[in-house]
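Asks: Construct all of the structure, not just a fragment, from the sequences and the given hints.
Line by line, the protein sequences give chains L and C.
All letters in the first sequence, in the order written, are residues 1 to 413 by the working numbering.
All letters in the second sequence, in the order written, are residues 1 to 413 by the working numbering.
Accuracy of the hints is not assured; some may be wrong.
Identical chains blur together in the list; that is why a pair holds if it fits in one copy or across any two.
Derived DSBU-like pairs: lysine-lysine, alpha-carbon spacing no greater than 30 Å straight-line [claimed, not checked]:
1. K125 <-> K308
2. K308 <-> K168
3. K27 <-> K125
4. K125 <-> K45
5. K168 <-> K125
6. K168 <-> K45
7. K58 <-> K45
8. K27 <-> K58
9. K27 <-> K168
10. K364 <-> K168
11. K168 <-> K58
12. K45 <-> K364
13. K364 <-> K308
These are calculated hints, taken from the structure and not from any lab test.
This structure is a prediction, so every number in the text was calculated from the model and none was measured.
Number of protein chains: 2
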Amino acid sequence: MSKPTFPWTLSERAARMNPSVIREILKVTERPGIISFAGGLPSSKTFPVAEFEAACAKVLRDDPAGALQYAASEGYAPLRETVAAMLSEQAAAQGQAWDVSPANVLITTGSQQGLDLVAKVLLDKGSRALVESPTYLGAVMAFTPMEPEVISVASDAEGLDLADLRAKAHYNGQAARFLYVLPNFQNPTGRTMTEASRAALSQTAAELGLPLMEDNPYGDLWFDTPPPPSLTARNPAGGIYLGSFSKVLAPGLRMGFIVAPTAVYPKLLQAKQAADLHSPGFNQRMIHEVMQDGFLSRHVPTIRALYKSQRDAMLQALAQHFPDSATQPEQSLTWNAPAGGMFLWARLPVGMNAVDLLPHAVDKGVAFVPGAPFYAGEPDARSMRLSFVTPSVEEIHRGVAALAAAIREQQAL
Amino acid sequence: MSKPTFPWTLSERAARMNPSVIREILKVTERPGIISFAGGLPSSKTFPVAEFEAACAKVLRDDPAGALQYAASEGYAPLRETVAAMLSEQAAAQGQAWDVSPANVLITTGSQQGLDLVAKVLLDKGSRALVESPTYLGAVMAFTPMEPEVISVASDAEGLDLADLRAKAHYNGQAARFLYVLPNFQNPTGRTMTEASRAALSQTAAELGLPLMEDNPYGDLWFDTPPPPSLTARNPAGGIYLGSFSKVLAPGLRMGFIVAPTAVYPKLLQAKQAADLHSPGFNQRMIHEVMQDGFLSRHVPTIRALYKSQRDAMLQALAQHFPDSATQPEQSLTWNAPAGGMFLWARLPVGMNAVDLLPHAVDKGVAFVPGAPFYAGEPDARSMRLSFVTPSVEEIHRGVAALAAAIREQQAL
Numbered sequence: 001m002s003k004p005t006f007p008w009t010l011s012e013r014a015a016r017m018n019p020s021v022i023r024e025i026l027k028v029t030e031r032p033g034i035i036s037f038a039g040g041l042p043s044s045k046t047f048p049v050a051e052f053e054a055a056c057a058k059v060l061r062d063d064p065a066g067a068l069q070y071a072a073s074e075g076y077a078p079l080r081e082t083v084a085a086m087l088s089e090q091a092a093a094q095g096q097a098w099d100v101s102p103a104n105v106l107i108t109t110g111s112q113q114g115l116d117l118v119a120k121v122l123l124d125k126g127s128r129a130l131v132e133s134p135t136y137l138g139a140v141m142a143f144t145p146m147e148p149e150v151i152s153v154a155s156d157a158e159g160l161d162l163a164d165l166r167a168k169a170h171y172n173g174q175a176a177r178f179l180y181v182l183p184n185f186q187n188p189t190g191r192t193m194t195e196a197s198r199a200a201l202s203q204t205a206a207e208l209g210l211p212l213m214e215d216n217p218y219g220d221l222w223f224d225t226p227p228p229p230s231l232t233a234r235n236p237a238g239g240i241y242l243g244s245f246s247k248v249l250a251p252g253l254r255m256g257f258i259v260a261p262t263a264v265y266p267k268l269l270q271a272k273q274a275a276d277l278h279s280p281g282f283n284q285r286m287i288h289e290v291m292q293d294g295f296l297s298r299h300v301p302t303i304r305a306l307y308k309s310q311r312d313a314m315l316q317a318l319a320q321h322f323p324d325s326a327t328q329p330e331q332s333l334t335w336n337a338p339a340g341g342m343f344l345w346a347r348l349p350v351g352m353n354a355v356d357l358l359p360h361a362v363d364k365g366v367a368f369v370p371g372a373p374f375y376a377g378e379p380d381a382r383s384m385r386l387s388f389v390t391p392s393v394e395e396i397h398r399g400v401a402a403l404a405a406a407i408r409e410q411q412a413l
Numbered sequence: 001m002s003k004p005t006f007p008w009t010l011s012e013r014a015a016r017m018n019p020s021v022i023r024e025i026l027k028v029t030e031r032p033g034i035i036s037f038a039g040g041l042p043s044s045k046t047f048p049v050a051e052f053e054a055a056c057a058k059v060l061r062d063d064p065a066g067a068l069q070y071a072a073s074e075g076y077a078p079l080r081e082t083v084a085a086m087l088s089e090q091a092a093a094q095g096q097a098w099d100v101s102p103a104n105v106l107i108t109t110g111s112q113q114g115l116d117l118v119a120k121v122l123l124d125k126g127s128r129a130l131v132e133s134p135t136y137l138g139a140v141m142a143f144t145p146m147e148p149e150v151i152s153v154a155s156d157a158e159g160l161d162l163a164d165l166r167a168k169a170h171y172n173g174q175a176a177r178f179l180y181v182l183p184n185f186q187n188p189t190g191r192t193m194t195e196a197s198r199a200a201l202s203q204t205a206a207e208l209g210l211p212l213m214e215d216n217p218y219g220d221l222w223f224d225t226p227p228p229p230s231l232t233a234r235n236p237a238g239g240i241y242l243g244s245f246s247k248v249l250a251p252g253l254r255m256g257f258i259v260a261p262t263a264v265y266p267k268l269l270q271a272k273q274a275a276d277l278h279s280p281g282f283n284q285r286m287i288h289e290v291m292q293d294g295f296l297s298r299h300v301p302t303i304r305a306l307y308k309s310q311r312d313a314m315l316q317a318l319a320q321h322f323p324d325s326a327t328q329p330e331q332s333l334t335w336n337a338p339a340g341g342m343f344l345w346a347r348l349p350v351g352m353n354a355v356d357l358l359p360h361a362v363d364k365g366v367a368f369v370p371g372a373p374f375y376a377g378e379p380d381a382r383s384m385r386l387s388f389v390t391p392s393v394e395e396i397h398r399g400v401a402a403l404a405a406a407i408r409e410q411q412a413l
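Replies: Next up, the structure:
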């Protein structure tokens, strides 16, 4: 029997949308026995299961009708207050005066939804969105349906190239709609923007009238010292801050938030209402309940300690298996040493290509994500992202050994 | 101190987006002591709280890491299977062969998100989306950010005017992208499309090559007999079906689903991934857990019985307070008798206007939603939506008495 056909006409934006390259890669690497440095998953060991159990029971006991009924699009008021207080306190602890009002907090269905809402409210077809190079692929995927030009600004381990930013912030008499940045322990590179870079970027953006979209899912996951203070806190009227509970509590509840200035908040709220009416009230109350009595101040340090030990294991294994990285960097794998977060950024020997290497690495029993898909502009084909949080320390050592074997074999060809 | 300013440029679509008129109305009516026929909230008495408590505990005990981790954008596989089986069984019980495959089921963050995804994948700026007259306001709000023309097709208690549909399905050499319909116990009118109307609409849409977007949040809430069979089941290749757990379990978990043909599913999935990565896995497992052992087949009849008794109370109160509705329909309130769902549609005496009446009704202690905002085209200013599910039977009687007093006072002026 032939398949039924029907003359569907898809939107022009649908033609621009693509399956996530990384998602497709992950499917290949999901074979049993593969040690995966590829995923972007927090360690499930860090999920506070007992606290969630207690929170579920309490939420359903105290106000089941409230938790299960339709609710305000802005989010659960006590959670918005908690978020505002948390950000204000964090800023104060770093010597910043960022007085976040609950009225500027919008609860979102994961911070991914924040990107979708920002795109709807700020991007027109053909308008320009600026991103780092490389940048978070999921952000580009969220922007794409609004049909912008996504333009990458040259970036390095310190921060953005401000001359390149100035050159790209205006074009044909128009202004770029925003710059999207992930200043802390970036996905994919693990990089953290320096204080000097932040100060200069903040000043330049203000001069240019360029809004900053600051995405901060990893900022709490510092290993030794907190990262420099937030960009948004330096100029709240000119930025939108996106936060997440996925890395400090659990991603499976899909809870994030936006802090937006009053000039933009009402439109983001209308977009939110049209997108899913509101984020699950039950989940918002669970998160709020778990956060009582300063739980995060006890819980997050345990995540930091775990991830730090795993980063250390990966750095140690890399140093052991690639002893020539300092002396012969072009003939060796090289890598950075992230000061927090979940990812490390590595670079293959000259002439090699991470996409080509991947199937050989998988044959050896280890997977990673090639860096190329994270570039909106010209990719670095030698780059790769290594996650150190999902495998155990023992697996990290075996995985790096397998990666080294795969690279040597390819080099010997 | 003057407020900080910053030169934000909003998207063109943002200018089209508006606060929900109904939401603004509801704020006015949220004064204590007001009997509200205005809200669209299911009765919280129907929420299966004990079952949710047990499901939470089980989900967190059996597989906490799975429930709390990132998950597939398509949704939790066992829930997709459950949805597919449920729809296939419902169709079979009505003599239809609709073999829904789990591969065509996409779990969404409420069925509102389904509307957002459909709009992204099918609507371009200036393209045409057809809707009933009146229609669900939230659908128009979901379509608006994609900047279509939303055009209403003449409709009555039986269904759509197919001559009007044919006249509007093509324009300037282009085809409308879809027709959005809510065939069962529609929001706002409570109307149900007859079998004859469905058969004719399905055939006409197939001839025209016009995709049908069938939204069915209320279909299970029939009082005496099930509504006629689904439109999508008659031509699955030419339609998208949107379903919801909000009215049969609880809205606060934000759980809905789409059934889409293979020609469209991959793009909806990509839009879903960009929108929020996936719907909360924890909630999907809770819903799946609660649905085990045929729970809905025991639970939904209790909702039907409750809502039927409340509809009966409203019909009785209306008949009592507006005894002239049959003999002098233009001088009286008139209304329909929905065979299910949550809403009743009423019409004020000639010369009156529901928007103008509302503040006077609120003064008397009762609230409703004027019908005008539900029209994409020319509104019927005399129409109003009365929800019978949130107030108690006693409140329904008092509320209708107050409504009658407000109308008489306005008529006497």
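Asks: Could you run down the list of hints and mark each one as holding or not?
Replies: The hints, checked one at a time:
Taking CA atoms no more than 30 Å apart as the test, K125 paired with K308 passes in neither setting, with 42 Å inside one copy and 49 Å between copies. Neither within a single protomer nor between protomers do K308 and K168 lie at most 30 Å apart by alpha-carbon distance, with minima of 37 Å and 62 Å respectively. In the homo-oligomer, the alpha carbons of K27 and K125 never lie at most 30 Å apart, since the shortest distance is 32 Å inside one protomer and 35 Å across protomers. In this assembly of identical chains, the alpha carbons of K125 and K45 never lie at most 30 Å apart, being 43 Å within a copy and 46 Å across copies at closest.
Both within a single protomer and between protomers do K168 and K125 lie at most 30 Å apart by alpha-carbon distance, with minima of 17 Å and 27 Å respectively. In the homo-oligomer, the alpha carbons of K168 and K45 never lie at most 30 Å apart, since the shortest distance is 43 Å inside one protomer and 57 Å across protomers. Taking the closest pair of Cα atoms, K58 and K45 come within 30 Å of each other both inside a single copy (23 Å) and across two copies (19 Å). Proximity of K27 to K58 under the C-alpha cut-off of 30 Å is restricted to the inter-copy arrangement: shortest distance 29 Å between copies versus 38 Å within a copy.
In the homo-oligomer, the alpha carbons of K27 and K168 never lie at most 30 Å apart, since the shortest distance is 36 Å inside one protomer and 44 Å across protomers. Taking identical chains as interchangeable, the C-alpha atoms of K364 and K168 are never at most 30 Å apart, the minima being 43 Å within one chain and 60 Å between chains. In this assembly of identical chains, K168 and K58 lie within 30 Å of each other by CA distance neither inside one copy nor across copies; the values are 52 Å within and 53 Å between. When the C-alpha separation of K45 and K364 is checked against a cutoff of 30 Å, the pair qualifies only within one copy, where the shortest distance is 26 Å, while the shortest distance between copies is 58 Å.
In this homomeric assembly, K364 and K308 come within 30 Å of each other (Cα to Cα) only inside a single copy, at 26 Å, whereas the closest approach across copies is 64 Å.
When the structure is compared with the earlier hints, violations turn up for hints 1, 2, 3, 4, 6, 9, 10, 11 and for no others.
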